[in-house]
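Taking numbering that gives the first Met the number 0, the leading residue of the sequence shown gets 0, the next gets one more, and so forth.
Within a straight-line C-alpha distance of at most 20 Å, the following computed DMTMM-like cross-link-like pairs (lysine to aspartate or glutamate) qualify:
(1) K55 <-> E164
(2) K280 <-> E295
(3) K208 <-> D239
(4) K115 <-> D139
(5) K247 <-> D232
(6) K280 <-> E304
(7) K115 <-> D30
(8) K184 <-> D218
Derived from the structure by calculation, the hints contain no laboratory data. On a predicted model such as this, the values are computed, not experimentally measured, just so you know.
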Amino acid sequence: MTTLVIAEHDNASIKGATLNTVTAALQCGGDVHVLVAGHNAAGAAAAAAQIAGVAKVLHADGEALAHSLAEAVCTQVLALAGGYSHILFPATASGKNVAPRVAAKLDVGQISDISKVISADTFERPIYAGNAIATVQSTDAVKVITVRGTGFDAAAASGGAAAVEAVAAAGASSRSSYVGSEIAKSDRPELTAAKIIVSGGRALGSSDKFNEVLTPLADKLGAALGASRAAVDAGYAPNDWQVGQTGKIVAPQLYIAAGISGAIQHLAGMKDSKVIVAINKDPEAPIFSVADYGLEADLFAAVPELVSSI
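With these hints in hand, go ahead and build the complete structure from the sequences.
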């Protein structure tokens, strides 16, 4: 029994979600192999070989894989799938794009967003926005799984010494081609990897107030900025800041929620945070039910006061 982890990377380094996925793979039992599919991705393959617990790295290098298009990566995975009992993807935008294609082509059921491995064929996954946990058992010969990163500790990024094996790269897909991308650049930590997150809700009232009130606190703490869906829909914050069921799932060491009521969809994305601080003037706000520390106050007064005290 051998598990294949599909690495998420930028052709130079491995992204953090891959480390959590490796931990889940190790719990499935047997050897763990990692596929690094990209172009000029020798750096990422070398980094994958250093991950503790990895037995082998498969390095597929070709122009068609340069931008991790779902069709090309799916073809690459299918070419290798015959030798594996489990195929694991991080439950990120990229993983969720490729995994269903692989499962459909293999004619198996996908097991999505697992948060615990009970045995090689049995897993736990949250349903109903995390209000219930389903135990799922699969009888499929190959189990295609996406892994919720917040459910597993990250494997050590160093200490391993896996062999790197070159494999034939998949050809270009006739169904899609890379045209271009607009990548938002920020000096702040990436939201899903940040140790501290400061999030704001619709109560901030405008994008100007969002930046005026929350940015100084984030700067003082070296934190990433997040937002509720309501704030994003209102145009107060960009889409890539959204935390929640339809946004990003995060579990930082410290999560500060300012002016967020705590709708179930938002709680599903952040309730695994180690310490949650809620600032809201409504004493009945649901966010207080999950907060470790709650401050019933006007955020426009409380947040600047907090900043001045740090």
